[in-house]
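**Q** Each chain, letter by letter, is given below.
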Amino acid sequence: MIVRLWGTRGSLPTPGASHARYGGNTSCVTVAGGVPGALTVLDAGTGIFALGEELPDDLERVDILLSHLHLDHILGLGFFSALSRPGLDAHIWGPGSAVVSLQERLSRYLSPPLFPVRLRDVPCRLSLHDVPHGGFELPGLLVTSDTVCHPGTTLGYRITDGTSTVTYLSDHEPALGARAFPEAPRWTSGYDLSAGADLLIHDAQYDDDEYDSHVGWGHSSVSHALSLAELAGVRHLVPFHHDPSHDDAALDRLYAPLVQGRPFEVTPATEGSTFDV
Amino acid sequence: MAQHAIELILMRQLASYLVTPMFVVDTAGDLVYYNVPAEQMLGLRFDETGEMALEEWGSAFKPTDEHGTPLPLDELPLVKVVDTRHPAQGSFWIRGLDGVSRYISVAAFPLIEQGGRDLGSVAVFWEERVR
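From first to last, the protein sequence lines stand for chains A and B.
Its first residue numbered 1, the first sequence is counted upward by one per residue in this note's numbering.
Its first residue numbered 1, the second sequence is counted upward by one per residue in this note's numbering.
Bear in mind the hints are in silico, worked out from the structure with no lab data behind them.
Every clue listed holds true.
What follows is a set of in silico ranges between Cβ atoms, one per label pair, in the way DEER data are often shown:
#1 Arg117(B) with Arg108(A): 20 to 28 angstroms
#2 Arg108(A) with Ser105(B): 41 to 49 angstroms
#3 Ser105(B) with Gly196(A): 44 to 52 angstroms
#4 Arg125(A) with Val19(B): 53 to 61 angstroms
#5 Gly116(B) with Ser84(A): 33 to 41 angstroms
#6 Leu71(A) with Leu18(B): 31 to 39 angstroms
#7 Ser245(A) with Lys62(B): 52 to 60 angstroms
#8 Leu142(A) with Arg131(B): 57 to 65 angstroms
#9 Ala98(A) with Met52(B): 28 to 36 angstroms
#10 Ala17(A) with Arg45(B): 55 to 63 angstroms
#11 Phe136(A) with Ser16(B): 31 to 39 angstroms
#12 Gln40(B) with Leu71(A): 39 to 47 angstroms
#13 Glu60(A) with Met52(B): 48 to 56 angstroms
#14 Val259(A) with Ser16(B): 30 to 38 angstroms
Computed from a predicted structure; not experimentally measured.
The beta-carbon is built from N, C-alpha and C at its ideal position, and this holds for glycine as well.
Sequences and hints are given; from them, build the entire structure.
**A** So this is what it looks like as structure tokens:
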């Protein structure tokens, strides 16, 4: 599988030279390698716009897997060119609700007055799906999902092509309320999704001091991401969802002492980077 | 052993912060956690008992009615919730593993996720009197 990061920023887009290297677009990641003509997209933050500019002409199907519906994860959806291609099969998957359908929840943003085009009027062949509990299949890929610790119903995804595994936990606070973190795997949010993953893309919004004043906001410190990665025995951690207040220099300072000497590889997320998993 | 559902994890975290005695069981009714206030009422630390099957915890504390008659398992509020997925409540005597008899009130409720999947049940205890 080829994994590419189109948006790495958490919470709010941060355009400008000071944030350019790690990236200013909000969450969007692609996973390619299932079958030709199909593409899997994780979240639809502003990074999805650049993805739309580079879509191959022979794309037949795109599956957009939303972790949750906070604005930074759906902000780019209406600007994704794939939705404007007549005849293209587009599937949007998101967390289920016993009360309001995914269509209705997304339409709160993708409808006037907040957006000029209604979701139901996009030219592609659009299908919306509540993510079923457990696993489901996409072309050439098996996806396992589960709810994880973040305000509102939020999903993590574990994707495998039968050979390699990628786990995506973009917004995740596994340390919430824990007396000591990490605890036993059985009591650790996100453990099953992460266990033994070849690549773990994980929330790392704060440094340790910042986390202390943001407990319950639904995000991890870099230290927590490292601890979960070690507990879960992953091969490669990609700290992700950088705080908007952290410019490139701040992120360099944050990560320099933390990435060496681990039993797994650590590569802080930068916009445009790719991983061959 | 598979990881618990996030709702069960968060319930355990919450229970660990409260002074209200609480039991958390899984969908089969097997005990997966009780907090420190419950430990004091039951007379044994969770670290010592560990997780317990329903039949085990249901009889370990010797629940009886006002007349000292043992209560069948399916009369316990928490077991009713496991069986019916409806909230239940009741009062009865238990004998803690510390040898003290306590009359307790119990309110129990199911944990059901957004998609309707059963995740387990929770019981909140209150000690009314001892003898």
